[in-house]
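J.: If you want the building blocks of each chain, they are given just below.
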Amino acid sequence: MNSEKVLFSFFMILALTLNFGFFIGEMDDPQHHNVYELFAVIIVNLIATILKFGDRSRLGPMLLATSLVALVQLISAALVWTFAVHVQETGLTSDTMVLIVSLSGGAVLANIISVILLMIETTMLRR
Amino acid sequence: MMKQEPEKQETSEEVINPVISMIMSRMRVPLIILIVIYATSMLGMIMIPGVDDQGNPWHMSIFHAFYYVSFTATTIGFGEIPYALNDAQRLWVICTIYMTVIAWINAIGNILGLVQDPVFRKTRSENKFKHQVSMIHEHFYLVCGLGETGYEVIKALTNEHYRVVVIEEDQESLLENNIYDLQEFVPCLIADASVPRNLQLAGISKNNCDGVIAATASDETNLKIAISSKLLHPEVKVVCRSDLLSYEENMRSFNTDFVVNPYNTFADIFSMLLHTTSLHLIFDWLTGAPDSQITDEPLKINYGRWILCSYGRFGRALYQKFLEHDVEVTILDSNEEAYRNFKQQNIDQLEDIIPATGIDEKSLNKAGIDTAVGLIAGGGDDSNNLSTIMTARQMNPDIFVVARQNLRDNSELFKKVKADLVMQPREITARMIRVLFLNPMLCDFLKMANKQDDEWSNVVVSRLSAVIGDSKPHIWTTTINHKETPAVNKALALGRRITLDCLTTDPLSSTRKLEYVPLLFESGSQHTIMPDDATTIKHGDRILFCGMRESMNSMNWTLTVMTSLNYVMNYENEPESYLLKALMRKRFKGRERRDGNR
Numbered sequence: 001m002n003s004e005k006v007l008f009s010f011f012m013i014l015a016l017t018l019n020f021g022f023f024i025g026e027m028d029d030p031q032h033h034n035v036y037e038l039f040a041v042i043i044v045n046l047i048a049t050i051l052k053f054g055d056r057s058r059l060g061p062m063l064l065a066t067s068l069v070a071l072v073q074l075i076s077a078a079l080v081w082t083f084a085v086h087v088q089e090t091g092l093t094s095d096t097m098v099l100i101v102s103l104s105g106g107a108v109l110a111n112i113i114s115v116i117l118l119m120i121e122t123t124m125l126r127r
Numbered sequence: 001m002m003k004q005e006p007e008k009q010e011t012s013e014e015v016i017n018p019v020i021s022m023i024m025s026r027m028r029v030p031l032i033i034l035i036v037i038y039a040t041s042m043l044g045m046i047m048i049p050g051v052d053d054q055g056n057p058w059h060m061s062i063f064h065a066f067y068y069v070s071f072t073a074t075t076i077g078f079g080e081i082p083y084a085l086n087d088a089q090r091l092w093v094i095c096t097i098y099m100t101v102i103a104w105i106n107a108i109g110n111i112l113g114l115v116q117d118p119v120f121r122k123t124r125s126e127n128k129f130k131h132q133v134s135m136i137h138e139h140f141y142l143v144c145g146l147g148e149t150g151y152e153v154i155k156a157l158t159n160e161h162y163r164v165v166v167i168e169e170d171q172e173s174l175l176e177n178n179i180y181d182l183q184e185f186v187p188c189l190i191a192d193a194s195v196p197r198n199l200q201l202a203g204i205s206k207n208n209c210d211g212v213i214a215a216t217a218s219d220e221t222n223l224k225i226a227i228s229s230k231l232l233h234p235e236v237k238v239v240c241r242s243d244l245l246s247y248e249e250n251m252r253s254f255n256t257d258f259v260v261n262p263y264n265t266f267a268d269i270f271s272m273l274l275h276t277t278s279l280h281l282i283f284d285w286l287t288g289a290p291d292s293q294i295t296d297e298p299l300k301i302n303y304g305r306w307i308l309c310s311y312g313r314f315g316r317a318l319y320q321k322f323l324e325h326d327v328e329v330t331i332l333d334s335n336e337e338a339y340r341n342f343k344q345q346n347i348d349q350l351e352d353i354i355p356a357t358g359i360d361e362k363s364l365n366k367a368g369i370d371t372a373v374g375l376i377a378g379g380g381d382d383s384n385n386l387s388t389i390m391t392a393r394q395m396n397p398d399i400f401v402v403a404r405q406n407l408r409d410n411s412e413l414f415k416k417v418k419a420d421l422v423m424q425p426r427e428i429t430a431r432m433i434r435v436l437f438l439n440p441m442l443c444d445f446l447k448m449a450n451k452q453d454d455e456w457s458n459v460v461v462s463r464l465s466a467v468i469g470d471s472k473p474h475i476w477t478t479t480i481n482h483k484e485t486p487a488v489n490k491a492l493a494l495g496r497r498i499t500l501d502c503l504t505t506d507p508l509s510s511t512r513k514l515e516y517v518p519l520l521f522e523s524g525s526q527h528t529i530m531p532d533d534a535t536t537i538k539h540g541d542r543i544l545f546c547g548m549r550e551s552m553n554s555m556n557w558t559l560t561v562m563t564s565l566n567y568v569m570n571y572e573n574e575p576e577s578y579l580l581k582a583l584m585r586k587r588f589k590g591r592e593r594r595d596g597n598r
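Keeping their order, the protein sequence lines are chains A and B.
Using the working numbering, read the first sequence as starting at 1 and increasing by one per residue.
Using the working numbering, read the second sequence as starting at 1 and increasing by one per residue.
Looking at chain A on its own, in the form it has when it is part of the complex (with noise of 0.2 Å):
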């Protein structure tokens, strides 16, 4: 057993599990969507991105690449949040927490596909 791979899929798939839990509910409801659950989010997809960074395989550029969509969605929704409470200080109305939990959405896509990719990878290449 690789310890190395252990953490690499341990962050991947706690990027997926997380961003799930922060994604499902109520689209418009603030009360099902905890902004520390989205701060989680943010931070395990950083770590999970950078862990694949100079990954040398054949799937590794895809997979950087699918990481990094799923930071620019997380990023834009926390944005967005940022804005909605400390700028424009409207508070999350219900346009804003849409937008918010449909971004995040995106990112689960992103790192659904991550998954897959990993998965194909370990099956396929016997790494």
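Since the hints were derived computationally from the structure, they do not count as laboratory data.
Among the hints, a few may not be true.
[Stated by the list, open to error] Selected chain B positions facing chain A (Cβ under 7 Å, derived; list incomplete):
| hint | residue |
| --- | --- |
| 1 | Arg-28 |
| 2 | Ile-33 |
| 3 | Ile-35 |
| 4 | Ile-62 |
[Said to hold, decoys possible] From the derived model, a few chain A residues whose C-beta atoms are all more than 12 Å from chain B:
| hint | residue |
| --- | --- |
| 5 | Ile-13 |
| 6 | Thr-17 |
| 7 | Met-119 |
[What the hints assert, rightly or not] Computed spacing ranges between beta-carbons, pair by pair:
| hint | chain 1 | residue 1 | chain 2 | residue 2 | range |
| --- | --- | --- | --- | --- | --- |
| 8 | A | Ile-112 | B | Asn-127 | 31 to 41 Å |
| 9 | B | Asp-192 | A | Phe-10 | 45 to 55 Å |
| 10 | A | Phe-10 | B | His-139 | 47 to 57 Å |
| 11 | A | Ile-112 | B | Glu-138 | 43 to 53 Å |
| 12 | A | Gly-91 | B | Phe-78 | 21 to 31 Å |
| 13 | B | Ile-94 | A | Ile-112 | 38 to 48 Å |
| 14 | A | Gly-91 | B | His-131 | 31 to 41 Å |
| 15 | B | Asp-170 | A | Ile-112 | 50 to 60 Å |
| 16 | B | Ile-105 | A | Ile-112 | 32 to 42 Å |
| 17 | B | Lys-122 | A | Ile-112 | 38 to 48 Å |
| 18 | B | Lys-122 | A | Met-119 | 34 to 44 Å |
| 19 | B | Gln-54 | A | Met-119 | 53 to 63 Å |
| 20 | A | Met-119 | B | Phe-78 | 39 to 49 Å |
All C-beta atoms, glycine included, are put in the ideal place defined by N, C-alpha and C.
Here the structure of chain A is known, so what remains is to put chain B in place on it, guided by the hints.
T.: Quick look at chain B alone, frame taken from chain A:
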């Protein structure tokens, strides 16, 4: 499947920029540490309860926590924002500061360590070089070896605005020969040129690589470069420098385009001198370095017996020329091996060699210095050569002295000793390579000139000196084709007859003549040396010219711009724009018919 794996690995290495991938893999751990520490610090700041300015309980938001940690971690420290912290928060901030600062130092230290890593540096400079080479879109030459020869060649090529790429193994030569103040930017790779991979890095397989010049000090390396070049890019023109005969033969065996041996080359030059001194003067004018001063007076040589000191590679080559020209010569060489060599090759002329050093009066006397017309100090050691010359000059002040100078640094000394002709192997090599690359037609010209007589040379000297000033004349080759001479091509298509004479008129003023001399005219396989003015130009002809650079520029106007050509040939201008063409069609229809075309 397992077998294919390494290949794939290699291709992915080629695609991803190695510098970036090196940084990325090295920065993985420090960056993760940094992120984790940031996250913990932010979490702490969020969770610890504080009070706002009105005394209400207050929690920092994620946004404020990120702001706070960002300015503390980077030691900017704006203060306690947005509200003054309580002691519990301050306790956590202390931890935060130390953790983040250490994480940053770790990350920066890692980057610095990577930058100083020799492997990283090599990868980076190679990468930079590769990029520079890939930015060259015009035709370029690859020069291996940045010694004296290499530098001279690069200088000449860049002066003509050719692009050059250099590979040199020794960092020192880069300091000695500054390639950064040349006319064109020259990318340089510090690496062993005999390694095919380095040649490939320098773009040898690229389509626009026109030639390879192997000018390193070692024959072995030059041989390897020549082989690799011919294998990696068969169409490329390869010129090799070679000092030893065995290597020279080897190089020729696999179609190396040119092998330049400085000793044989000098022997050929010397042979010109023995043949007729004005021919040597022509050679010197036409092949000198671009910015060198030229001498007006041909060297004066009396017919008589010569003394040749040292019978090495150089001496052997010269001795052959003496035999060819039937000139009497006495060889001085104290080396037994040289004596044996001589005996083997020239058993009939044994009286020509005297086993003596040639640096002292006694041996020079024995060689009959007082009755000799010329002396060649051709040893491999500069001090010995200088000593020979000085002794000989004392004994016979009128003697013609040819000196072989081995080291560039001794130039001053050879100037002081006033040798009539100084032979520097590296300079000679550079001279030949320059001719081969810049004006290959000049080789044909010199070959043909060698067969001409004394009178012919004198006429050429007077013609040349009429058009050139004090500095070395410019030499250029013009090919009559659509790309280089569109105006001439168009005029030829109209059926006009263009002679060399037409081109000599200054396109700015018809009463003035341009100052240049056509040296060689090539039409198909037929070569005409010093063609006369009435020679008719056809499509595909090549002409070698010699003159001042300004004359070339003026002539290029005539060759490329139709109105200039019309002017020098006394034709009326035709309309160039569509509107005028349409308006004046009637007027010009008649003329075109008269020109006998379309």
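J.: Honestly, which of those hints from before does the structure not fit?
T.: 2 and 14
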